[in-house]
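Asker: Sequence:
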Amino acid sequence: MGLLVYLALYILSTQHIVNAASCMEAVVYYDFRVTYIASAFDGVALTSFGINDRPADEALIEVTLGQQVQVTVTNELDEPTCLHWHGLKQLGTQEMDGLSGITQCYIPPNASAVYHFEPDKAGSFWWHSHHSTQYPYGLRGPLVVHPRDNQLQPWEMNIDAEYNVQLADIYHGDPGVPPMWDSVLINNLGRYNCSAAATHGFTECSVDQPLTRFRFQAGKTYLLRVMSMSALAPFEFSIDEHQFRVIAADGDSLEPSELITNITINIGQRYDLLLEAKNATDKPIGSFWMRATGLNGLPWTAATGANAGEGFNANGLAILYYEEDDVSEPTTQRWNETSTFGEFEFTPVNVTTLPGTPDDRVIIEFLFPGIGQVAIDGSSFNQFLVPAFAPLLTIADGMTTEELPVTTSPREIFYGDHVEIVLVNEQNEQHPFHLHGHSPWVVGSGQATLAEVQSNSLSPLKLSGAMFRDVYTVPACPTDDTNACTGVGYVVLRMEADNPGVWMMHCHIDWHLEGGLAMIFIEGEKQLQEAGVDAFSNSILSVCGSNFTGAAFNTTTTVTVPLLTMTPVPSGPKVWLVTGCASGLGREVVLAALAHGDCVIATARNPERLADLEKKGARTLALDVTANQDELNAVAAHALGMYGTIDVLVNNAAYLLEGAIEECSEQEVLDQYNTNVFGMLRVLRAVLPHMREKRSGVVANVGSAGGWKGIPGIGLYGSTKFAIAGITLALREEVAPLGIEVTVVEPGAFRTSILGKGFIPAKTPIEDFAPLTQPLTTHVANFSGKQPGDPAKAAQVMVEALTKTGRCKGKTLPSRLLLGKDAVKLGQGVLEQHKLELDEWAELSGSTDFADACKP
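Quick note on numbering: the sequence shown equals residues -20 to -1, 1 to 836 in mature numbering (1 follows the signal peptide of the UniProt record, and there is no 0).
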């Protein structure tokens, strides 16, 4: 094939790259222009932050696990900004964490940065500005990562619809000292007491402010993704006359809880709630209040509503309604008797048992007497100050943890360690803490004395079945009658130090973070320095501009590196290329692989026969294995262009030539081999270069039990299957060092069309062989449709074997995979017969060597 043709095919293959982990677009693109907008979220006219001149809560990022996210952020403000993707680990993309002055330089006005990352888990998350106090004034929104279909929990299978429920507090100006919000929003709508607006200097306030409405239909099941995007307010969430089960917290799956009436959700936390709508009745069901009750006063907040003054509304409301034309407001009452769970009392789906003793133990004491005060491992207290240069960049460029400013409260942890972190609250106000780059296990929480913390004499830790959380409430200290502390509140975390980076731990009360209640972990300093600054994306480094200088850099040039360096996901759905899919085993393999959650390219000479497979999710291509090599190379390039890879190749195309050996003409023999053997070789030559390049792949060449024993009347067909087995066994040895696995799949008699449409008799019969061929023809006619093998079960075994899942998890792919009891029995019989013959003839066979030949 000419160079121009190959170049065209290469361009085609790079135009539409799709992620094998999801069978959908590999990258989902978003363009965010950060702008100022006129708003009146609770009725009071304000200037807020928005995205693309719209409220930021509308800027939903929504992907499926396995897809990558690319967000181009253009700063159209007259101040710096940056965006953080809360709850995502950013493994391998540390510079994408979006923490201004820590993992990146801020994005200056009239500049852009490109964030490109792959979520590490499914669940409910959120994004927000991590520069100054922009997110309390509107720069925040939802981020949802859906699980793949084959990852759904049983209780997620029958969800009819889902809603994102965003809870936030709103501030009309400076929050005061100590801070307090003005009102509460649900999906950016709430109500302020407009009669008090003028006393606070606000002349525009809508008394007819609408509320968010959620439509339910009787008898259906709903998923509510409740996300707290608050800056100060913890909430008690409930819905009048509707109970729910908690099935996930902070993006991690939980065993469904008992039915409860309400849940406390602190700043930054998320809960997925499963809710059954009311059943239909003869009368209208009506509407109900959804409530976000703001918790204020000790131990929740230092201030109370009195600090906010007249007009303060601690609570948020939304409306859940059933009848389509119902525009009324509810008259329902909040629950009289409530039931709930504590934030660490749920049961995770995946239970982990942790080591009894950690490799490293870190004690972090903190106070907030108007400014943040943090002490690490008994050191002096310091207020956090953002350093002159982002420490992720300076550490990667060679600076050590010891050289960082003491006002960053740095603590080094070593890559690979199992680390225990004890957060110690020496104040009578709770603090929700968040660690970037990790969702630790919460193994302990309570109140104690500081001496008990320091001597490691706390209550027994929960080292089995602990929950993951990415925001954890550190309880207030125990107090006396004057609210003075008589001890400390604490939370004990465990985590694996498996994510090299510079990760901030901070109170998620935004006013406390701005006051310096934070510290940083330098995780894997050695690994960061070995990778160097060149490991980071230029799309982030470029915003540093002339600021990308200093003692640590000794340069004013911008480093040019690829946009994204992703580590391939070693597990998950695969991309299959299957030949001969119009019927029979090939068709069933396609269906089984799709059911497994994989991506499948189904091929046949006539792709119109694959229309139903396409409707079920397969991609289809015309592929004739008897075409020349250039044509098959072109088809392979087209297939690679569909998903960007081929992980599993199944060579299945074949037909059966009936006839005694002598009866089959030379052309019939050539045609039989051209389809069954040479066609397989051509497809291998087209696909193996890709597998060799990526050093991985699985090849299954479909042979037959007839490749174990010559069967009179179909001997030439059987000989092609002997050839396939021989080629496969040699190929297996040749490509094993290159990371490619190969097997020959050898079915017995299965109920496919091979004994019908796939059964072709020789054109020139010989009378002498009639006693052989005529009974065979009659037997085939009678046996067709009565074969013992179930092709769907065979396909399921193939999928499990080739992906090493299900019953084949942990198994080594065999060199020969027999399918069907008849095939196994035939194979065992052949081996026994061969052994008998070998044993009988061993001495005579061995007598043919030279006398001086080396003994084996």
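Watch out, some of these pointers could steer you wrong.
Said to hold, decoys possible - In silico SDA-like pairs for lysine to any residue, Cα to Cα no more than 25 Å straight-line:
1. K595 to K101
2. K689 to S676
3. K801 to P692
4. K263 to T312
5. K506 to E325
6. K791 to Q813
7. K101 to E325
Because the hints were derived from the structure by calculation, they are not lab data. As the structure is a computational prediction, the values presented were derived from the model and not from experiment.
Asker: Next step is simple, just say for each hint if it's right about the structure.
Answerer: Hints, verified against the model:
no., hint, verdict
1, K595 to K101, "violated, 28 Å"
2, K689 to S676, "violated, 33 Å"
3, K801 to P692, "holds, 21 Å"
4, K263 to T312, "holds, 16 Å"
5, K506 to E325, "violated, 37 Å"
6, K791 to Q813, "violated, 28 Å"
7, K101 to E325, "holds, 22 Å"
Violated hints for the displayed structure, listed by number in ascending order: 1, 2, 5, 6.
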